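Trainee: Sequence:
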Amino acid sequence: MENTIEQLSAAYLSGEDINIASSLLYLAYHDDPFFMDCFKHEEEGYEQRLRAAIREELSIFWEQMQPMIGVYDEDDHLLAVACLIEPDSNFGSKRFWHWRLKMMLTAGYLSTKNLIDKEEKVRAAIPYSYYHLLAFVAVHPNHQHHGVGHYLMEAIDSMVTDDEQTDGVGVLVTVPKYERFFDHANYHLIKTIKVGNVDASLMFKEK
1134 MENTIEQLSA AYLSGEDINI ASSLLYLAYH DDPFFMDCFK HEEEGYEQRL
1184 RAAIREELSI FWEQMQPMIG VYDEDDHLLA VACLIEPDSN FGSKRFWHWR
1234 LKMMLTAGYL STKNLIDKEE KVRAAIPYSY YHLLAFVAVH PNHQHHGVGH
1284 YLMEAIDSMV TDDEQTDGVG VLVTVPKYER FFDHANYHLI KTIKVGNVDA
1334 SLMFKEK
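Here the sequence shown is numbered in this note's numbering, starting from 1134 and rising by one per residue.
What the hints contain is simulated information worked out from the structure, not anything from laboratory work.
If you're wondering where the values come from, they're calculated on a predicted model, not measured in any experiment.
We put the CB at the ideal spot given by N, CA and C, even for glycine.
Please note: incorrect hints may appear among the correct ones.
[To be verified] Beta-carbon label-pair distances, calculated as ranges:
id : residue 1 : residue 2 : range
1  : E1180     : D1250     : 32 to 42 Å
2  : T1239     : S1142     : 32 to 42 Å
3  : K1173     : Q1140     : 34 to 44 Å
4  : E1177     : T1294     : 20 to 30 Å
[Claimed, not checked] Derived BS3-like pairs (lysine-lysine); straight-line CA-CA distance at most 25 Å:
id : residue 1 : residue 2
5  : K1340     : K1173
6  : K1324     : K1310
7  : K1340     : K1246
8  : K1254     : K1173
9  : K1327     : K1254
10 : K1254     : K1310
11 : K1246     : K1324
12 : K1327     : K1310
13 : K1173     : K1246
14 : K1340     : K1254
15 : K1324     : K1254
16 : K1310     : K1173
17 : K1340     : K1324
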């Protein structure tokens, strides 16, 4: 059954939502060019490495109290999720050693290095000093093209607006067709950067 905008609500994820959010992100990023390159999709075990990496990322988001926003239907089913890194956060590319160790054990050294290198390139290219970074965004496949994604972006805007100091929010788009989605949400292209073997569009929405 298709949901209307009036039936949707946005809220920060609870601990009970993490597993569902992990599944949504896995579906969203399984065919993403960067993650396919990063986690060696041509080699056996790609799905397991991707799942493990997403679980580790969400775990550290939760531990470090970084904002994870969900969109829910009237029955409290999670339809979409977005994970952001706050300004002045120690969560960035300088991940804690225990995260690096766990990620290397589950995803491998090169994949872990590629994830960190990607974030460092993104941060080096954004011409602002205080901003939010949209790390993950996903809408359940059965609920795409019905306004859920736009509702999620509006929830992100509201959160960013509440921070009086932030300059806005950035996102690295690794799937070309999604550039139009972010363009419609008033993100503008900063530059194209190469992450691994993939050309990606770095976009930013000023507050």
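Trainee: If a hint holds in the structure, say so; if it does not, say that too.
Mentor: We went through each hint and held it up to the structure:
1. E1180 / D1250: 32 to 42 Å: 23 Å, violated
2. T1239 / S1142: 32 to 42 Å: 33 Å, holds
3. K1173 / Q1140: 34 to 44 Å: 41 Å, holds
4. E1177 / T1294: 20 to 30 Å: 46 Å, violated
5. K1340 / K1173: The given pair, whose Cα atoms are some 37 Å apart, is violated under the 25 Å limit.
6. K1324 / K1310: Given pair K1324, K1310 holds - Cα atoms ~16 Å apart, limit 25 Å.
7. K1340 / K1246: Roughly 31 Å separates the two Cα atoms, so the pair is violated.
8. K1254 / K1173: Judged against 25 Å, a Cα distance of about 20 Å means the pair holds.
9. K1327 / K1254: It holds: about 9 Å lies between the C-alpha atoms, which stays within 25 Å.
10. K1254 / K1310: Status holds; Cα separation ~22 Å.
11. K1246 / K1324: Holds. K1246 to K1324 sits at ~22 Å (cutoff 25 Å).
12. K1327 / K1310: 17 Å, holds
13. K1173 / K1246: At roughly 13 Å apart (the allowed maximum being 25 Å), K1246 and K1173 satisfy the hint.
14. K1340 / K1254: With Cα atoms ~22 Å apart, K1340 and K1254 stay inside 25 Å; holds.
15. K1324 / K1254: 11 Å, holds
16. K1310 / K1173: 22 Å, holds
17. K1340 / K1324: 19 Å, holds
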